[in-house]
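Please construct the entire structure, taking both the sequences and the accompanying hints into account.
For reference, the chains in residue letters:
Protein chains: 2
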Amino acid sequence: MVAVGRVEDVLAGTVVRAARLMRDLDDQIPGALEELKALYPHTGGAFIVGVTGNPGSGKSTIVDCLIAQYREAGLRVGVVAIDPSSPYSGGAILGDRIRMQRHATDDSVFIRSLATRGHLGGLSRSTQDIITVMDAMGHDVIIVETVGVGQDEVDVVSTAHTSVVVVVPGLGDEIQAIKAGILEIADILVVNKADRDGADRTVADLSMMLDLRAKGAKTVRILKAVAIKEGGMVELVEAVDLHRRELDSETEGRRRGLERAETRLKDLVRTLALERALALLESGDGLSALVERIAEREIDPYSAAEQVLAELMGNP
Amino acid sequence: MVAVGRVEDVLAGTVVRAARLMRDLDDQIPGALEELKALYPHTGGAFIVGVTGNPGSGKSTIVDCLIAQYREAGLRVGVVAIDPSSPYSGGAILGDRIRMQRHATDDSVFIRSLATRGHLGGLSRSTQDIITVMDAMGHDVIIVETVGVGQDEVDVVSTAHTSVVVVVPGLGDEIQAIKAGILEIADILVVNKADRDGADRTVADLSMMLDLRAKGAKTVRILKAVAIKEGGMVELVEAVDLHRRELDSETEGRRRGLERAETRLKDLVRTLALERALALLESGDGLSALVERIAEREIDPYSAAEQVLAELMGNP
Numbered sequence: 009m010v011a012v013g014r015v016e017d018v019l020a021g022t023v024v025r026a027a028r029l030m031r032d033l034d035d036q037i038p039g040a041l042e043e044l045k046a047l048y049p050h051t052g053g054a055f056i057v058g059v060t061g062n063p064g065s066g067k068s069t070i071v072d073c074l075i076a077q078y079r080e081a082g083l084r085v086g087v088v089a090i091d092p093s094s095p096y097s098g099g100a101i102l103g104d105r106i107r108m109q110r111h112a113t114d115d116s117v118f119i120r121s122l123a124t125r126g127h128l129g130g131l132s133r134s135t136q137d138i139i140t141v142m143d144a145m146g147h148d149v150i151i152v153e154t155v156g157v158g159q160d161e162v163d164v165v166s167t168a169h170t171s172v173v174v175v176v177p178g179l180g181d182e183i184q185a186i187k188a189g190i191l192e193i194a195d196i197l198v199v200n201k202a203d204r205d206g207a208d209r210t211v212a213d214l215s216m217m218l219d220l221r222a223k224g225a226k227t228v229r230i231l232k233a234v235a236i237k238e239g240g241m242v243e244l245v246e247a248v249d250l251h252r253r254e255l256d257s258e259t260e261g262r263r264r265g266l267e268r269a270e271t272r273l274k275d276l277v278r279t280l281a282l283e284r285a286l287a288l289l290e291s292g293d294g295l296s297a298l299v300e301r302i303a304e305r306e307i308d309p310y311s312a313a314e315q316v317l318a319e320l321m322g323n324p
Numbered sequence: 009m010v011a012v013g014r015v016e017d018v019l020a021g022t023v024v025r026a027a028r029l030m031r032d033l034d035d036q037i038p039g040a041l042e043e044l045k046a047l048y049p050h051t052g053g054a055f056i057v058g059v060t061g062n063p064g065s066g067k068s069t070i071v072d073c074l075i076a077q078y079r080e081a082g083l084r085v086g087v088v089a090i091d092p093s094s095p096y097s098g099g100a101i102l103g104d105r106i107r108m109q110r111h112a113t114d115d116s117v118f119i120r121s122l123a124t125r126g127h128l129g130g131l132s133r134s135t136q137d138i139i140t141v142m143d144a145m146g147h148d149v150i151i152v153e154t155v156g157v158g159q160d161e162v163d164v165v166s167t168a169h170t171s172v173v174v175v176v177p178g179l180g181d182e183i184q185a186i187k188a189g190i191l192e193i194a195d196i197l198v199v200n201k202a203d204r205d206g207a208d209r210t211v212a213d214l215s216m217m218l219d220l221r222a223k224g225a226k227t228v229r230i231l232k233a234v235a236i237k238e239g240g241m242v243e244l245v246e247a248v249d250l251h252r253r254e255l256d257s258e259t260e261g262r263r264r265g266l267e268r269a270e271t272r273l274k275d276l277v278r279t280l281a282l283e284r285a286l287a288l289l290e291s292g293d294g295l296s297a298l299v300e301r302i303a304e305r306e307i308d309p310y311s312a313a314e315q316v317l318a319e320l321m322g323n324p
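Protein chains in written order, with the working numbering: chain A, 9 to 324; chain B, 9 to 324.
The hints are simulated quantities; they were obtained by calculation from the structure and are not laboratory data.
The model shown is predicted, which means the values in this text are computed figures rather than measured ones.
A hint or two may mislead.
For identical chains, the list gives no copy identity; a pair is met inside one copy or between any two copies.
In silico DMTMM-like pairs for lysine to aspartate or glutamate, Cα to Cα no more than 25 angstroms straight-line [unchecked claim]:
{"id": "1", "residue 1": "Lys226", "residue 2": "Glu267"}
{"id": "2", "residue 1": "Lys237", "residue 2": "Glu192"}
{"id": "3", "residue 1": "Lys226", "residue 2": "Glu300"}
{"id": "4", "residue 1": "Lys45", "residue 2": "Glu300"}
{"id": "5", "residue 1": "Lys45", "residue 2": "Glu319"}
{"id": "6", "residue 1": "Lys45", "residue 2": "Glu314"}
{"id": "7", "residue 1": "Lys45", "residue 2": "Asp35"}
{"id": "8", "residue 1": "Lys45", "residue 2": "Asp205"}
{"id": "9", "residue 1": "Lys45", "residue 2": "Glu304"}
{"id": "10", "residue 1": "Lys45", "residue 2": "Glu306"}
Pasting the structure below:
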């Protein structure tokens with residue numbers, strides 16, 4: 009079914025139509041992708057801020073404070089909240105994200121939760137699609153909130169102009185290892201819950217680790233915050249603005265744009281190739297027969313995959 | 009370069025040769041894949057245990073205790089530790105994993121750390137390749153340790169026969185949302201650091217959430233532990249054994265085998281398709297030219313990806 013005039017409605021910022029388009033994209037309604045293509049030339053205007061950190065670090069509270077400040081400045085704000093919800097049963101559980109709902113009646117704030125489950129093309133692709141729609145709608149700032157440590161964070165970097173990493177004082181030794189990884193991702197490090205014991209120690213640790221980096225490494229700012237009392241939140245917005253101005257004036261902004269484009273292209277090639285291979289398998293011998301042979305060790309998965317690819321590419 | 013006789017050496021359990029093969033696989037030395045294919049028919053003997061949980065939950069301590077007990081039982085143990093290390097600078101930082109090194113002089117324990125960065129085929133594929141090698145070497149038990157919440161956990165499920173999820177008492181409200189996702193993944197829930205306040209409350213919360221599930225949901229065991237003092241670790245091994253026996257006697261074991269095979273096939277098709285597409289791009293117009301056009305919004309990434317695919321498949 010073609011959604012008549014939806015591209016124009018989305019460009020005009022109509023939330024209901026945009027939300028429906030996002031759902032159609034998730035459901036892989038073919039026409040939806042064509043609409044996304046039509047929206048793409050109208051994107052690039054939004055500033056994308058990634059906020060990441062461990063569960064319990066207070067990310068959602070920080071995102072909530074950012075929304076409030078950007079709204080006060082008259083900006084339109086989009087939020088993509090990637091939920092640590094069940095990969096199988098669906099239903100994103102909002103938890104303390106409910107706090108954010110005070111913005112729900114504000115037409116200029118568009119919050120979209122994304123379950124981590126069931127994204128055939130990967131979470132990264134779904135996130136990118138939503139960002140594309142929000143960008144085309146005319147949002148000035150888009151905040152992407154992710155949880156966890158690992159590939160998700162890397163995806164945030166390739167998505168965001170500015171990456172904010174939230175840590176809390178004293179979460180044990182293992183956190184040290186994580187911080188090392190985090191340092192390379194973050195543009196801004198927020199030590200939240202800084203009214204707790206060990207906050208200064210955490211700041212000192214992080215500073216030391218930053219100092220140990222190679223010469224010429226990018227500038228990373230460290231801030232202390234008590235987000236629940238809105239402490240440090242004005243400073244955070246200032247730090248984001250400062251980083252944004254640096255991006256504008258440097259080749260870094262262009263480099264990130266290219267990185268983002270490359271990530272998207274690779275994601276999509278991977279997804280499309282798999283989609284077509286699966287379609288091919290279902291139409292022919294069947295996926296389940298091949299899977300069964302792998303499980304029985306009659307064929308190894310590497311040879312099976314090569315076989316599928318050869319068929320996909322017309323047996324060269 | 010062909011590594012003469014390496015398949016035989018790996019099958020004989022030679023650690024040095026196996027480690028070298030793993031590195032060659034990571035570096036995508038073509039001959040290495042052929043060796044992996046040759047090893048595949050010799051796999052399926054290992055029991056795979058996934059251990060996952062948030063940073064600071066004490067996963068590594070638990071894995072350490074598991075290794076010790078399996079060694080006492082005379083079993084050969086492989087460990088794949090997926091490190092929350094830097095996605096860019098390389099070098100996995102071991103942190104408190106150093107404790108595990110007491111097993112380093114034990115020939116029957118093979119520990120392999122895996123950085124989360126730079127896996128073209130995805131972390132899941134690299135993990136699977138290592139498991140295949142360890143399995144073929146004759147390890148009885150392979151423990152896969154992952155950090156974070158999200159896609160990693162799902163991958164652990166599709167890899168492991170038994171999934172152990174580690175939580176700690178009172179990590180704030182947001183943890184509630186995560187637990188809901190975790191319940192569907194876990195076969196065994198370990199409330200570690202159970203000498204802390206709130207441990208009983210956490211157990212009660214988890215039990216309640218388990219009770220709320222639909223009828224016919226799988227059995228999930230909850231254990232309390234103080235891993236640092238080895239408390240609850242004998243019970244954990246017993247719970248793993250119990251689950252293992254259930255798998256043997258039920259269709260669940262077969263279902264998981266098929267699920268694992270399907271995941272591997274899809275992962276590999278995706279990877280190979282991307283590899284070939286990238287090779288194609290580099291030989292022709294060039295990847296960078298296309299990426300630049302996307303960044304400049306001269307072409308949208310969806311159309312660009314379709315174009316790459318069409319070329320890959322011989323312009324049907």
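Consistency of the hints with the structure:
Taking identical chains as interchangeable, the C-alpha atoms of Lys226 and Glu267 lie at most 25 angstroms apart only when both belong to the same chain, with a minimum of 16 angstroms there against 43 angstroms between chains. When the C-alpha separation of Lys237 and Glu192 is checked against a cutoff of 25 angstroms, the pair qualifies neither within a copy, at 29 angstroms, nor between copies, at 35 angstroms. For a Cα distance limit of 25 angstroms, the shortest separation of Lys226 from Glu300 across copies, 23 angstroms, qualifies, whereas the shortest one inside one copy, 50 angstroms, does not. With identical chains, the CA atoms of Lys45 and Glu300 are at most 25 angstroms apart between copies only, with a shortest distance of 17 angstroms across copies and 38 angstroms within one.
For a Cα distance limit of 25 angstroms, the shortest separation of Lys45 from Glu319 across copies, 20 angstroms, qualifies, whereas the shortest one inside one copy, 29 angstroms, does not. Proximity of Lys45 to Glu314 under the C-alpha cut-off of 25 angstroms is restricted to the inter-copy arrangement: shortest distance 12 angstroms between copies versus 31 angstroms within a copy. For a Cα distance limit of 25 angstroms, the shortest separation of Lys45 from Asp35 inside one copy, 17 angstroms, qualifies, whereas the shortest one across copies, 36 angstroms, does not. In this assembly of identical chains, Lys45 and Asp205 lie within 25 angstroms of each other by CA distance neither inside one copy nor across copies; the values are 51 angstroms within and 53 angstroms between.
In the homo-oligomer, the alpha carbons of Lys45 and Glu304 lie at most 25 angstroms apart only across protomers (14 angstroms), although the nearest pairing inside one protomer, at 43 angstroms, exceeds that limit. Taking the closest pair of Cα atoms, Lys45 and Glu306 come within 25 angstroms of each other only across two copies (11 angstroms); inside a single copy the shortest separation is 43 angstroms, beyond that limit.
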